[in-house]
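Let the sequences and hints guide you as you build the complete structure.
Chains as they are written, first to last, in the numbering used here: chain A, -8 to 230; chain B, -8 to 230; chain C, -8 to 230; chain D, -8 to 230; chain E, -8 to 230; chain F, -8 to 230.
Treat the hints as calculated values from the structure; they're not laboratory data. All of these numbers come straight from a predicted model, not from anything done at the bench. Check the hints yourself; a few may be wrong.
Copies of the same chain look alike in the list, so a pair counts if it works inside one copy or between any two.
Stated by the list, open to error - In the DSS-like style, the derived pairs of lysine-lysine whose C-alpha atoms are separated by at most 25 Å in a straight line are: (1) Lys205 with Lys183; (2) Lys(-7) with Lys205; (3) Lys30 with Lys223; (4) Lys55 with Lys30; (5) Lys142 with Lys223; (6) Lys(-7) with Lys55; (7) Lys142 with Lys(-7); (8) Lys184 with Lys205; (9) Lys55 with Lys183; (10) Lys120 with Lys30; (11) Lys146 with Lys184; (12) Lys120 with Lys55; (13) Lys146 with Lys55; (14) Lys142 with Lys183; (15) Lys183 with Lys120; (16) Lys142 with Lys184.
Number of protein chains: 6
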Amino acid sequence: MKILVVNPVVGDQWTEQDRAYLQGVVDPGTEVEVVGLTKGPRSIETFYDEAHAAPDILRVIREKEGEVSAIVVNCFADPAVDAAREITDKPVLGPASTSMSIALHLGAKFSVISILPNTAACVEQQAVKLGLERRLASAIGIDVPVLELEKDPAKTVEAIVRAACTAVERDGAEVIILGCTGMATLAAEVRKKLDVPVIEPAATTVKVAEALVKLGLHHHRGRSYLSPSFDKIVGYDWL
Amino acid sequence: MKILVVNPVVGDQWTEQDRAYLQGVVDPGTEVEVVGLTKGPRSIETFYDEAHAAPDILRVIREKEGEVSAIVVNCFADPAVDAAREITDKPVLGPASTSMSIALHLGAKFSVISILPNTAACVEQQAVKLGLERRLASAIGIDVPVLELEKDPAKTVEAIVRAACTAVERDGAEVIILGCTGMATLAAEVRKKLDVPVIEPAATTVKVAEALVKLGLHHHRGRSYLSPSFDKIVGYDWL
Amino acid sequence: MKILVVNPVVGDQWTEQDRAYLQGVVDPGTEVEVVGLTKGPRSIETFYDEAHAAPDILRVIREKEGEVSAIVVNCFADPAVDAAREITDKPVLGPASTSMSIALHLGAKFSVISILPNTAACVEQQAVKLGLERRLASAIGIDVPVLELEKDPAKTVEAIVRAACTAVERDGAEVIILGCTGMATLAAEVRKKLDVPVIEPAATTVKVAEALVKLGLHHHRGRSYLSPSFDKIVGYDWL
Amino acid sequence: MKILVVNPVVGDQWTEQDRAYLQGVVDPGTEVEVVGLTKGPRSIETFYDEAHAAPDILRVIREKEGEVSAIVVNCFADPAVDAAREITDKPVLGPASTSMSIALHLGAKFSVISILPNTAACVEQQAVKLGLERRLASAIGIDVPVLELEKDPAKTVEAIVRAACTAVERDGAEVIILGCTGMATLAAEVRKKLDVPVIEPAATTVKVAEALVKLGLHHHRGRSYLSPSFDKIVGYDWL
Amino acid sequence: MKILVVNPVVGDQWTEQDRAYLQGVVDPGTEVEVVGLTKGPRSIETFYDEAHAAPDILRVIREKEGEVSAIVVNCFADPAVDAAREITDKPVLGPASTSMSIALHLGAKFSVISILPNTAACVEQQAVKLGLERRLASAIGIDVPVLELEKDPAKTVEAIVRAACTAVERDGAEVIILGCTGMATLAAEVRKKLDVPVIEPAATTVKVAEALVKLGLHHHRGRSYLSPSFDKIVGYDWL
Amino acid sequence: MKILVVNPVVGDQWTEQDRAYLQGVVDPGTEVEVVGLTKGPRSIETFYDEAHAAPDILRVIREKEGEVSAIVVNCFADPAVDAAREITDKPVLGPASTSMSIALHLGAKFSVISILPNTAACVEQQAVKLGLERRLASAIGIDVPVLELEKDPAKTVEAIVRAACTAVERDGAEVIILGCTGMATLAAEVRKKLDVPVIEPAATTVKVAEALVKLGLHHHRGRSYLSPSFDKIVGYDWL
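Here is the structure:
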C-alpha cells in the first residue's frame, strides 16, 4: 500500500521530515510518498492562499493517483479535497475532517488550537460543513504563523498548552485537536503537559487512510462528486 | 456607481448579453461591467471546475477592484467569494448567498431548481454554510448542462416549471430560486407559469450589491477575511 | 415608486425626521411616506406593546397599500409583518429580518445592540424564527429606553460602541446590527468608532424594499400567508 | 383553584360546551371559567385574525387574573401568550406549546393534524419557536374550517384519522396532536380508530395548568417577559 | 390512581421520606408507592452505576405495573425509562425529561444545577436527546455527591443558589432545574432565595404522571418501543 | 496488539466465525479475541435486551481490559460503550458511532439498513447523540430478526439491496451502512450489487480501534466519563 501525501505548499523543506514522520506512523507494509507543489502558496493561511494551492494539488493527484492507494491533502484547511474526489476513485482525506471525526470517539466536545487568532470562524465553518458544530467546544488561535511554528518550539508548545487549558476549563473541551499539520513535531511535547487526548491531524489522517484502504472503502462519483471534463479547462497548460 | 460582474468562465459569448441584461436591472446612475476569464473552465459544474476558475477570478478582481464599487461573481456556486473578500474592501457577493437571503422575506421555505440532477447535496451544503438549511425545502436538478440551457428555451422552461411544481407541492416550497445564473433569460417565462415568487439570482445579486454600496456597507478584514501576502504565491506569473 | 413606512407608534414627533432620513437613502425616483398610528403604544418595548400596535398597523396598511409599491414596518420587533403579508401583495418588510439577512454577506457572525438589557432572549427568538440562530453571536442591551435614546446622543453612542466592542471581542461578532430603528440618527457616529460594519436597520430595510420592487418580487398568498376574511372581525369599527 | 380559559373569539356558542368539557377534565377541587371576547375575530385561522384577537385576550386576562390561579388561551395558535405573561404572575399556557411538550414523553416524533391545508409552515414555526422542530414529524391539514368542524362530525373524524395514518406511516409519527382546540369533542372518536396516542390540546393544557399551580411554578418577569407600562397605550379606551 | 415511584438505588433510607413528600404533592385520590432496588448501586453518579441499576428497575416495573396507573423512575439520569416503556402500557416518566419539558412554559432558557462538576456533558446529552438543546442555557455542578446532599443542608442550598445565580446572570437562564431528585427537600429553601422559577424534578414528574393518567395518554409500542421477548434473556434468574 | 471484541449476547455460535472474520481484517501484528456473555440476551433488538446485556459486557471488559489494547462492543446498538469508558483507559468503540464517523468521508449523506422495520427512530437517536443527524439520509428496516439474518443469505442480501436502493434514490444517500453487525458475512455480496460505498460496521470498528491504538489515543476520564466506585454496587456477586 502506498499513500500519497500532498503538501499543498511550494517548497521542499518539509518533504523529507514529513515523510519520515508519517512513515513511522503507518503499518510496515505501507509506503508514504510526500509531494509538494511547484505552483501555489508557501503556506496556507487565507482563502486566497487556498485558492492558489488547489490547481496544483489537483495536478499532483491526477499525476499520481494511479500509483497509490489513498491520498491525503496535508493541510488543516482540507484544500481541494472535494475537487480531488472528482478525479480519483481512491479515498481522499483532509486532516480537519478526519481529526474531527475521530474526536467523536474520545469525548463529548473537542476544541481546535490553531495558528492564527482569527481562525475560530473558519474552524466553525469546517465543523458546520461536517455537520459536527454541536461537538465543537471552541477554536483558539495562538498567533504564531505557520512558518514560525518551529522557530522556538518550546514557546510554541507553551502557547498551545495554554490555549488548550482554556479550551478544557472554560469551554468544556474533552479532546484537543492541533489545528495545523505543521504542529506535528510538537505533538509529543504537548501531550506530556495535558491530560486530555491530543489529536495530531497528519498522523491521524494517514491512519484513517490506511483503514479505508484495508476496508475497501472509497467515495462514489455521481452525486456530490462528479467526474469533470478536463478538456473544458482552458489555459492551465502547466497542469 | 460601477459594479464589476465577473463571469467565472472562459469565453466571451455571454459577456454582452449579461451586461445588457444586468444594465437593465440597475438604477440609472449605475454602470455594469462584465468581465470573463482568460484561464479557467468553460462552465462550472463541478468542484474541479470551480478550483480552476478561482485564481483567474481573483486576478480580475485584483485588477479591477480599485475602479468599482462592488463585485459580483456571477455563478451560483459562489466561486472564490470568500477569497475575494480578502483582497478588497468593496462588497463581494455570490448569487446563491444573496438569493437565499432574499428568499427569507418571501415565504417560509425556498427550493432551488438546478441544472444537474446531482445538485441537491451541493445546494444543501451552501444552505448549511449560510446557516439557512432549515429554510431550504429542496434542491431539484433538471438535467440540462449549462451550455445547453438556451438551446431549446421552451423545453428548458418547461423542465424548470415542472421541477418547481414538485418543489411547491411535494416539498412545501413557497419561493423558487433559479439555481444557475445561466437561467436569467428564461426567468420571465418561468414566472408566467408559476404563482410563487421566482428569484433570478444574477439580477438579485446586482441589486443587493447596489443596496450595500448605497448603505456604505462592506465586510471587515481581520477575522474571517484576512489580507493575504501576495508575494507568498509562487508560479502564477500569468496573474 | 413609493414606499410606505409605518411607524408603529402613536405620535408624530418622528414622522418628519424619519421621512427626511429615509428619503435621503432611497433612489431619486422613490418617494417615502411615513405614517404613524392613532391607536397603539407610544413605543414598543414589550410583547404587550406589540399586541396593541398590530391592529392599527394593519389598518394603515389596508388603507395605503393600494397606492404604494412596498411596505416597511419601522420597528425592530417586526410587528405585524406576517399579518400584513396576508392583506397585500406588495412586499412587506421588517427591520430585524432584513438586517439579519443582509448581515449574512458581511461576516461570519453578527451581534445586535438593543435598547434594553433583557433583549437577548427576544433577539435570539427572532434569529431562530428566521432560521439564522447559528449566525447570531450575541444580543446585548444598553439599558436606554426608546424614548430616551436621543436625549444624550453622545452617551447613547458611547454605550452602543462599548456593547459592540464586547460583541466583537468576547462573542466573535464581525457585523454589528443596531437593534432599534430609533438609533438611526446615531449610526454615523457609531460607525466612526468601530471598524466592523454597522447595519442601521431602517435604511437597510428601505433599500431592500426598493430592490424587491425593482426585481418584481413579493410573497405569495396561499400557504404561510392566507387572505383573511375581514368580515369575521367584530368590534374594530375604528379600523 | 380556578382556571381561566380565554376562548379568543367573539361569540358565546362554545362557552358552555367548553366549560362543561374542561370541568370534566380537571380535579374535583378545580373550577374552570370560560370567557370569550367582545372584540376580535369569530375564529382564528390567519395571522390577521390573531392580531385582532390579542388586545381583547389581554383585556380579559387583566380583568380576571387576580381571581384565578392559571390562564389558558384556548386556541392552537397560542395567541397573545407571550404578552399575557407580561401582565400576570399566574401561569399562562397555550395549547400548541403544552401539547408539543407532553408529546415528548409519548414517542420519538409527533405530527399535528390541523384544519387548513396550509398549516404546515405555521406549525413548523411553532415547533421551531419551542426548540422542538426535530421532534415534529409533519403537520397535515384536513381542509375543514374551524366553524365547520362540527357540522358533520363523522366526516371530520374520518378526515383526521386519514391524515393521522399518513403521518404515522409516511412520516414516522408515534404521537398525534389535534391541531385545533375545536376538535376537542371529536377526540374520543379519533382515538378509537388509531393505535397511537392522540393529544387533545385543550384538555392537555388545562391539566398542565393545574400541575403548574400545584407545583407553585410560574414564569418570571424581568427578562423575556417584562412588565409593560399600561399608560403608554393610546386609544384602546374600550380595554 | 396509584403511581409507582422506583427509587433506582439499593437501600431503604429514602423510601418513606420520598413517599411522604410525593404523597403531599399528588391529588387526594392518588396513592404513591415508592420501591427501591435489591440489586444495583447505592447512588447513581456514573454510566456504570446506571447500567447496574437498569435490570432491577425493570424487574420492579414488571412486578408492579399491573397494579399501578403510571411509573416514575426517580433519578435525574432517567435510567431505564426507554426500556421500561417496552414492558408496560402505563406511562413511564423520567425526571430530567419531564422537568425540561415543563421548563419550556416558564422562560426562554433553563439551566440545570447538578451534583457533580462534570455533569454539563451529560445534561447537554439529555437535552440533545429530547431535542431541546437550544433551550438549555447551561448545566453547572456544585461538587456535592448524592449521598452528602443532606449532610449540611444550609451549605448545599447555598451552593445551589450560587450556581443558579451564575446560570441566570452569566448564561441567561430564566428557569432553574434542580438536577438531582435528592435535592427535593432543599427546593423550598432554594426558592426563597431566587426570583426565577425553580423546578424540583421529583414532584414535577409525579404531577405530569397524574396528568397523563387523567388524560388517558400513554406511549405506543411498535416503533421506538417494542415488546421484548423475555425468554431471550439468560441468567437473570433473580429477576 | 490485541483487540477485545465483546459479542454482547449469550451463546457461542458466532464467536469463532466472528474471530476468524475480524482476524482477517486486522494487521498482521494484531490479535483479535472475541468473548460472548454468560448472562444477558440471546440477541439485542430492544432497549430491554440492551439493559440486560450491559452488566455482563462491563464484567467482561473489567476482566479483560488489562490484557488488551482496545475494546469493541460488537453490536450496532453500541451497548454499554459509555459505561465501559468509565472503567478502562483503553479505547472503547461501538459500531454505530465508528461507522457513522467514517461515512463522513465518503459522501454527503448516509443511510442505515437495519434489521427491524421500526429502527428509524433508534438510528436517528444515535445520529443525534453523535451530533450527526444532518448527515443521516434515512434508516430503513428490512424486517428480518437478527437470528434469521443468515438463514437464507440470498434473500437477506436482496432485501438489503432493495432497501439501499430506496435510500440512494429516494433519500439521497451516498453511503450505505449495514445497521447490524450480524450482517458482516453478507457485506461482500451486498457490495457487488451496489455502486455506492457499503460500510460493514464490525470490520470498520476494529480498524478504527487499531488506528486509535497506533496513534496513542484514548478517552479521558474526569468529565463525561468518571471512574465509578465498584463497591457501591450491591447484589451483582456473579460479576
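Here is what the structure says about each hint:
Taking the shortest alpha-carbon separations for Lys205 and Lys183, only the inter-copy value of 17 Å comes in at or below 25 Å, while the best intra-copy value is 32 Å. Taking identical chains as interchangeable, the C-alpha atoms of Lys(-7) and Lys205 lie at most 25 Å apart whether they share a chain (12 Å) or sit on different chains (18 Å). Taking the closest pair of Cα atoms, Lys30 and Lys223 come within 25 Å of each other both inside a single copy (21 Å) and across two copies (11 Å). For the homomeric pair Lys55 and Lys30, the shortest alpha-carbon distances inside one copy (17 Å) and between copies (24 Å) are both at most 25 Å.
Only between protomers do Lys142 and Lys223 lie at most 25 Å apart by alpha-carbon distance; the minimum there is 19 Å, versus 44 Å within a single protomer. In this assembly of identical chains, the alpha carbons of Lys(-7) and Lys55 lie at most 25 Å apart only when taken from the same copy (11 Å versus 35 Å across copies). Within a single copy, Lys142 and Lys(-7) get their C-alpha atoms no closer than 32 Å, and across copies no closer than 40 Å, so neither meets the 25 Å cut-off. Within a single copy, Lys184 and Lys205 get their C-alpha atoms only as close as 34 Å, which misses the 25 Å cut-off; across copies the closest is 20 Å, which meets it.
When the C-alpha separation of Lys55 and Lys183 is checked against a cutoff of 25 Å, the pair qualifies neither within a copy, at 38 Å, nor between copies, at 27 Å. In this homomeric assembly, Lys120 and Lys30 never come within 25 Å of each other (Cα to Cα): the closest approach is 28 Å inside a single copy and 29 Å across copies. Taking the closest pair of Cα atoms, Lys146 and Lys184 come within 25 Å of each other only inside a single copy of the chain (13 Å); across copies the shortest separation is 35 Å, beyond that limit. Taking the shortest Cα distances, Lys120 and Lys55 never come within 25 Å of each other, neither inside one copy (28 Å) nor across copies (32 Å).
Taking the shortest alpha-carbon separations for Lys146 and Lys55, neither the intra-copy value of 38 Å nor the inter-copy value of 42 Å comes in at or below 25 Å. Taking the closest pair of Cα atoms, Lys142 and Lys183 come within 25 Å of each other only inside a single copy of the chain (20 Å); across copies the shortest separation is 40 Å, beyond that limit. Proximity of Lys183 and Lys120 under a CA criterion of 25 Å is satisfied in neither setting, with 32 Å inside one chain copy and 31 Å between copies. For the identical chains of this complex, Lys142 and Lys184 are intra-copy neighbours only, at 20 Å inside a copy versus 38 Å across copies, given an alpha-carbon limit of 25 Å.
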